[in-house]
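Produce the complete structure using the sequences and hints provided.
Here the protein sequences come in this chain order: Y and F.
Anchor point for the first sequence: position 103 equals 103 in the numbering used here, and the numbering is continuous, going up by one each time.
Anchor point for the second sequence: position 145 equals 1145 in the numbering used here, and the numbering is continuous, going up by one each time.
Fair warning: there could be bad hints in the mix.
[Claimed, not checked] Derived SDA-like pairs: lysine to any residue, alpha-carbon spacing no greater than 20 Å straight-line: (1) Y:Lys3 x F:Ala1061; (2) Y:Lys53 x F:Arg1052; (3) F:Lys1205 x F:Leu1159; (4) F:Lys1205 x F:Arg1160; (5) F:Lys1094 x F:Glu1138; (6) Y:Lys3 x F:Arg1043; (7) Y:Lys205 x Y:Leu158; (8) F:Lys1053 x F:Gly1151; (9) F:Lys1094 x Y:Gln74; (10) F:Lys1053 x Y:Val150; (11) Y:Lys3 x Y:Leu35; (12) F:Lys1003 x Y:Ala61; (13) F:Lys1053 x F:Arg1160; (14) F:Lys1205 x F:Ile1129; (15) F:Lys1053 x F:Arg1014; (16) F:Lys1053 x F:Glu1010; (17) Y:Lys205 x F:Phe1144; (18) Y:Lys53 x F:Ala1051; (19) Y:Lys205 x Y:Gly168; (20) Y:Lys53 x F:Gln1047; (21) Y:Lys94 x F:Arg1072; (22) F:Lys1003 x Y:Gln47.
Everything labelled a hint here was simulated from the structure, so no lab data went into it.
On a predicted model such as this, the values are computed, not experimentally measured, just so you know.
Number of protein chains: 2
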Amino acid sequence: MVKRQSVESELRERILRGDLTPGDRLPEVQLAEELGTTRFAVRSALQALEARKLVERTPNAGVVVARLDHDRLQEIYDVLELLEGLAARLAAQKSTPADWAELQELFAEGGGLDEAAEGGDIDVFLAAIDRYRDTVIELADQSFLAEMLVGVRDQSHLLRRRILMTPGRMQESLAEHRMVIDALVRGDAEGAEQLKRHNMQTARKRLSRYRDFLV
Amino acid sequence: MVKRQSVESELRERILRGDLTPGDRLPEVQLAEELGTTRFAVRSALQALEARKLVERTPNAGVVVARLDHDRLQEIYDVLELLEGLAARLAAQKSTPADWAELQELFAEGGGLDEAAEGGDIDVFLAAIDRYRDTVIELADQSFLAEMLVGVRDQSHLLRRRILMTPGRMQESLAEHRMVIDALVRGDAEGAEQLKRHNMQTARKRLSRYRDFLV
DNA sequence: GGCGACAATATTGTTGACAATCATGTGCGG
DNA sequence: CCGCACATGATTGTCAACAATATTGTCGCC
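Structural data, given as structure tokens:
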């Protein structure tokens, strides 16, 4: 009976999907009956989510979905840039060109992503980037880095969508990812790392520029 | 009443000090009476330590101090190199030469660290490096990075001592830290980052070379 | 009408008892 | 003597009731 874990992942998904927004309260009893489980299981799950910094707890008062803080997000992007760069570098080192066939096809010109970028179809675009992420993490083959990346990404996840909504970001991101993937296919570890880091830097700049809209 | 936190920090310190070694069991009831508290508080603390990867839990069987795994430690050092480098870079950017006066004096030739390195006085040497760490983290002034560094360092902490015990490591590390500090005093962010990364790389090499002894 | 004290309510924190599960030791059969 | 089934004990997992605390609402006073 893995109740805690299922409750934890359910709540995590709701937070990441934006179903629960920052500041929303998470009362234990209400969640318990809503999820058809006990208060105990919910409590354990909330403790785990607190350790992941997805929720904040104020003693005897309650738990709320973690609020986004601009300065902290900037700091998160500093770290994320390094981790994403490392993942790209390792993936380039450990892979062969054939490993990238699917991803290459997905991102190829005429593959529909240009239209998605123009049309503002964020979900299609996000799905493509998720495929990039999954592939890189799998090929980088480092469990510790993977755990780390998941944790840091989770904390900045709500921003991803909003950054993509800033004018021209999808086209910009698409072009950058194509360059990254080219380097990965070539097995150019240094290039892949630098290009991915550059991709994160341009995202970070948007975070500063559109600060008022984003946070 | 902050029972959980005090129990958590107590157990954390015992693990980091080596008072509890990897594989040691941590029975809830025994720890409760040993620490003069309740099983509930111990349990909460163990859950928190599990999230930090300092202990491992096998369902219905018990909790043990996290075991060290060579491959995982290599991966940890990959990440640690990046984070320590970032901290050095930020500290260099945000500081003035005066901020480093104390540290500079501590690491100066004739300050006693050479003798400690020669004499194998690990505790004196570790205290000096801790001072370096504290100073850099304070001047880097990024809470997120600081939390991250603490978490990753904790997981590799037991290795630090052992790596320092390998032949010539203390002298090597001392020379490297002097170069890092020089760069920090100069405000040379790039140099500080690269030099600190190099310092982590040489540590990582020892981890490989003395693998059998260390893990 | 605004503000502060205070009561009422809702929510979390804690406790002890009980159930579930795994590790260990014992005896039987081969 | 070895291995396996099984009982026993130790340990963790779960629950429901109770206590402690913060929040909210209300009343009286200025």
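Going through the hints against the structure:
For the proposed pair lysine 3 of chain Y and alanine 1061 of chain F, the alpha carbon gap of about 17 Å is at most 20 Å, so the pair holds. Between lysine 53 of chain Y and arginine 1052 of chain F the alpha-carbon distance is near 12 Å, which keeps this suggested pair within the 20 Å criterion. For the hint linking lysine 1205 of chain F to leucine 1159 of chain F, the alpha-carbon distance of about 13 Å falls within 20 Å, and the restraint holds. Taken as a hint, the lysine 1205 of chain F and arginine 1160 of chain F pair is honoured in the structure, with Cα atoms around 13 Å apart against an allowance of 20 Å.
At most 20 Å may separate the alpha-carbon atoms for a hinted pair to count; lysine 1094 of chain F and glutamate 1138 of chain F meet this at roughly 10 Å. At roughly 17 Å between alpha-carbon atoms, lysine 3 of chain Y and arginine 1043 of chain F fall within 20 Å of each other, so this suggested pair holds. Note on lysine 205 of chain Y and leucine 158 of chain Y: the hinted pairing holds, with a Cα-Cα distance of about 16 Å set against a maximum of 20 Å. A threshold of 20 Å between alpha carbons decides the hint, and for lysine 1053 of chain F with glycine 1151 of chain F the separation of about 9 Å falls inside it, so the pair holds.
With a CA separation close to 16 Å, the supplied pair lysine 1094 of chain F and glutamine 74 of chain Y stays within the 20 Å bound. Distance restraint check for lysine 1053 of chain F and valine 150 of chain Y: the Cα-Cα separation of roughly 15 Å lies within the 20 Å cut-off, and the hinted pair is therefore satisfied. Distance hint between lysine 3 of chain Y and leucine 35 of chain Y is fulfilled; the C-alpha atoms sit about 11 Å from each other, no more than 20 Å. A distance of roughly 17 Å separates the Cα atoms of lysine 1003 of chain F and alanine 61 of chain Y; the hinted pair therefore holds under the 20 Å criterion.
Pair hint lysine 1053 of chain F plus arginine 1160 of chain F holds up; C-alpha atoms about 17 Å apart against a cutoff of 20 Å. Pair hint lysine 1205 of chain F plus isoleucine 1129 of chain F holds up; C-alpha atoms about 19 Å apart against a cutoff of 20 Å. Restraint check for lysine 1053 of chain F and arginine 1014 of chain F: satisfied, since their Cα atoms lie roughly 15 Å apart, inside the 20 Å limit. For the suggested pair lysine 1053 of chain F and glutamate 1010 of chain F, the alpha carbons sit about 16 Å apart, so the restraint of at most 20 Å is met.
A C-alpha spacing of about 19 Å is found between lysine 205 of chain Y and phenylalanine 1144 of chain F, which places the hinted pair at or below 20 Å, so the restraint holds. Straight-line distance between C-alpha atoms of lysine 53 of chain Y and alanine 1051 of chain F comes to about 11 Å, which keeps the hinted pair within the 20 Å bound. For the proposed pair lysine 205 of chain Y and glycine 168 of chain Y, the alpha carbon gap of about 13 Å is at most 20 Å, so the pair holds. About 15 Å separates the Cα atoms of lysine 53 of chain Y and glutamine 1047 of chain F, which keeps this hinted pair within 20 Å; it holds.
A C-alpha spacing of about 17 Å is found between lysine 94 of chain Y and arginine 1072 of chain F, which places the hinted pair at or below 20 Å, so the restraint holds. For a cut-off of 20 Å, the pair hint linking lysine 1003 of chain F to glutamine 47 of chain Y stands: about 15 Å separates their Cα positions.
Figure legend: structure checked against the earlier numbered hints; every hint is met.
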